[in-house]
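What follows is the residue order along each chain.
Number of protein chains: 2
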Amino acid sequence: MGDVEEKCMKAKAASEIMKNAATSEKNRALLAIAKALRAHSSAILAANKADLAASASLPLSVRKRLELNEKQLASMASGFELIAKFPDPVGQVMKKWKLKNGLRISRVRVPLGVIAFIYESRPNVTAEASSLALKSGNAIVLRGGKEAINSNRALVRTMQSALAASGLPADAVQLIEDTTHEGAAQLMQMRQYVDVLIPRGGAGLIRAVVENAKIPVIETGAGNCHVYVDEGADLKMAECIILNAKLTSPYVCNALEHVLVNEKVAAKLLPSLYDKLLKAGVEVRGCDRTRRILEKARPMNEGELYQEYLDLIIGIKLVGDVRQAIDHINRYGTHHSDTIVTKNKKNAALFASQVDSCCVYVNASTRFTDGYTMGFGGEVGISTQRLHARGPIGLEELTTTKLVIEGTGQVRE
Amino acid sequence: MGDVEEKCMKAKAASEIMKNAATSEKNRALLAIAKALRAHSSAILAANKADLAASASLPLSVRKRLELNEKQLASMASGFELIAKFPDPVGQVMKKWKLKNGLRISRVRVPLGVIAFIYESRPNVTAEASSLALKSGNAIVLRGGKEAINSNRALVRTMQSALAASGLPADAVQLIEDTTHEGAAQLMQMRQYVDVLIPRGGAGLIRAVVENAKIPVIETGAGNCHVYVDEGADLKMAECIILNAKLTSPYVCNALEHVLVNEKVAAKLLPSLYDKLLKAGVEVRGCDRTRRILEKARPMNEGELYQEYLDLIIGIKLVGDVRQAIDHINRYGTHHSDTIVTKNKKNAALFASQVDSCCVYVNASTRFTDGYTMGFGGEVGISTQRLHARGPIGLEELTTTKLVIEGTGQVRE
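Top line first, the protein sequences correspond to chains A and B.
Residue 1 is where the first sequence starts when you use our numbering, and the numbers rise one by one after that.
Residue 1 is where the second sequence starts when you use our numbering, and the numbers rise one by one after that.
Where hints are given, some of them may not hold.
As the list claims (entries may be wrong) - Within a straight-line C-alpha distance of at most 35 Å, the following computed DSBU-like cross-link-like pairs (lysine-lysine) qualify:
no., chain 1, residue 1, chain 2, residue 2
1, B, Lys-100, A, Lys-276
2, B, Lys-12, A, Lys-95
3, A, Lys-100, B, Lys-279
4, A, Lys-96, B, Lys-10
5, B, Lys-95, A, Lys-343
6, B, Lys-279, A, Lys-345
7, A, Lys-10, A, Lys-85
8, B, Lys-346, A, Lys-345
Treat the hints as calculated values from the structure; they're not laboratory data.
When you get a sec, could you build the whole thing from the sequences and use the hints?
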């Protein structure tokens with residue numbers, strides 16, 4: 001039996017215990033992990049230093065995401081404490097009804113089982129995903145990027161010993177140490193042991209998982225996010241939302257990529273917005289009609305409208321009305337996060353109901369799409385697909401349900 | 001473009017209209033379909049006769065499932081009327097919360113989009129699945145078994161013309177007329193147009209879909225269902241439930257296959273139960289300890305414990321206590337429907353919480369696992385897997401959700 005199969009098998013056995021663990025046992029384990037992360041911070045930071053040294057030739061953006069410091073480690077630990085305070089989704093009764101024959105039916109939340117998580121090289125994702133998986137009564141098999149292997153080993157070892165010390169199975173958190181494609185490919189076949197596979201990362205990773213996995217997948221996706229500025233909108237608010245959504249973190253999936261501007265407000269909004277974007281170092285691209293107002297904007301072709309730039313680039317396009325904006329977003333977008341800035345309640349309602357994205361905003365920045373910020377405690381990723389989970393994948397999204405039917409001897413006619 | 005691709009593309013375009021259709025429009029269409037089914041009953045029954053003639057050499061059980069009569073057609077039509085009366089899941093607010101910064105978040109139900117449904121040869125399934133898909137704002141691509149092709153053509157034509165006459169797109173219901181494996185295989189690749197694939201049928205069909213589909217799948221599954229008779233149970237009730245669960249329809253997935261009997265009540269329960277099963281024509285198989293009580297029962301090996309007989313066969317095994325029964329069911333069962341017969345509240349609660357099946361019963365027949373009976377209005381199938389839907393797949397299970405976030409200009413710090 002290979003390493004991947006053995007770890008999945010161990011996770012499956014651990015998940016049988018996790019499924020029935022009491023809330024108090026799970027919370028005790030989460031607090032023990034928080035404590036252990038603090039106690040072993042120097043070992044974890046040393047492991048992270050080794051990862052950074054091995055990644056010296058990689059781009060700064062990769063190294064930034066890989067790097068851990070005291071403060072981030074402390075916030076990792078408080079993440080576990082926060083999740084311990086959240087209500088346990090397991091055992092929650094979502095719905096109850098009674099049939100005419102007296103049968104009482106309840107839909108009850110239960111854990112998914114074993115979650116396999118394939119992701120890139122941010123060690124804090126290792127901790128966040130594990131805290132959510134454990135609290136929701138699951139076991140988790142982690143397969144992070146190769147750059148973070150030492151950090152992940154140190155983190156997983158810490159979590160495992162804290163689990164064991166608090167009476168829950170250490171095997172509930174597993175790390176696949178084979179960080180080659182082969183390791184991931186093997187994991188995608190483990191249907192016997194793994195209940196759901198969650199990939200988080202670039203489009204190539206997601207595609208590889210969707211095409212090769214023999215296990216049900218919850219896809220997380222790219223964000224080609226839009227802000228539509230409606231006729232009669234508060235243009236100060238629009239500018240503020242656009243700058244916030246583009247500039248606060250241009251390299252993440254909830255960052256703004258394309259602005260759609262109602263043609264009636266374009267001449268008033270665009271010149272001052274353009275100056276501010278330029279000053280912030282953003283390259284502005286525009287459709288032909290935009291470039292009649294912003295002559296220096298770089299031309300934009302149709303293919304670019306589909307793009308998630310993940311960079312200091314923004315595309316601007318003029319539209320005739322809210323319906324054109326909705327059609328554009330549903331056609332070119334990635335169903336992630338899209339905003340309307342408007343004072344018109346009817347247009348706001350139309351946009352909210354017809355834009356087919358996991359998060360649809362009225363008068364707010366797209367940057368709020370995040371499990372922690374939205375009150376989920378954290379997230380394993382943002383699901384932009386339709387099955388099972390949509391939006392941040394938090395505690396409830398890591399559960400399934402069963403129907404419990406209580407009778408007094410009823411039989412079917 | 002091939003026929004399969006063209007139909008999926010048309011379904012996708014229709015789904016964009018269905019998504020935003022008002023409840024009243026959908027209900028009007030459902031009632032129009034009911035009326036049209038009644039009006040065209042002779043054409044539909046003639047098409048069904050052609051199917052039956054072509055299937056003359058097939059087993060009686062297949063022909064029985066294929067056959068339509070006036071009464072069944074009338075109940076098909078009333079099925080559409082029943083679904084028209086159900087609340088529309090689309091637009092339902094499942095949850096609402098407010099963040100400290102004033103953002104108000106709602107989780108709202110929205111349609112899945114395009115549902116591809118691969119199933120066998122029961123024409124009433126064609127109607128039931130379509131009624132649920134349309135009411136929940138979806139388009140459906142049907143690929144039924146070859147034996148029912150004429151019936152399905154007549155049914156789909158009737159539904160399409162009623163849809164068009166009531167102002168909704170006829171293309172919202174599509175029939176793949178290529179009933180070869182090739183047709184199904186093509187459908188499983190239509191990721192660009194199809195949002196979810198639901199297979200319903202034998203284990204071979206489900207496996208083929210899971211292994212080959214490039215589209216998210218909701219699996220429906222076989223039912224190796226159990227009744228456990230606890231120490232101190234009402235043995236009259238136990239016998240009544242066992243006979244009902246085995247005999248009322250032995251060929252369906254919620255029929256009983258294996259009885260687990262607490263060793264303390266076996267000698268009292270089994271002899272009279274055995275006589276009644278025998279009288280009803282059931283072959284009784286037993287574990288070694290069962291055969292010490294029922295000497296004439298046929299021996300049963302371990303492999304048989306995994307089997308869904310779907311026949312007049314029952315397996316009986318003695319167990320020491322409720323925990324052994326739970327372990328047995330989780331190991332040998334198919335996570336479908338399992339019952340405990342008990343007077344002990346603690347054992348009932350333990351069984352309900354630890355048996356990992358989509359439907360867990362206390363003191364009732366497993367035969368109630370059915371969308372219509374449980375109050376879902378109908379079902380596309382019974383999901384025994386963990387993602388998205390578990391148990392009967394009804395209206396709510398054919399939807400997904402989105403988050404609508406309303407602000408007053410909030411931006412992220």
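Quick rundown of the hints versus the structure:
Of the pairs offered as hints, the one joining B:Lys-100 and A:Lys-276 holds, with about 29 Å between alpha carbons and a cut-off of 35 Å not exceeded. As the CA atoms of B:Lys-12 and A:Lys-95 are separated by approximately 32 Å, the hinted pair is consistent with the 35 Å bound. Simply put, A:Lys-100 and B:Lys-279 have alpha-carbon atoms about 32 Å apart, close enough for the 35 Å limit, and the pair holds. For the hint pairing A:Lys-96 with B:Lys-10, the CA-to-CA distance comes to about 39 Å; that exceeds 35 Å, so the pair is violated.
With a C-alpha separation of about 25 Å, the suggested pairing of B:Lys-95 with A:Lys-343 holds against the 35 Å cut-off. Among the hinted pairs, B:Lys-279 with A:Lys-345 is inconsistent with the structure: their alpha-carbon atoms are about 70 Å apart, more than 35 Å. Simply put, A:Lys-10 and A:Lys-85 have alpha-carbon atoms about 28 Å apart, close enough for the 35 Å limit, and the pair holds. Our distance criterion of 35 Å between C-alpha atoms is broken by B:Lys-346 and A:Lys-345, whose separation comes to about 54 Å.
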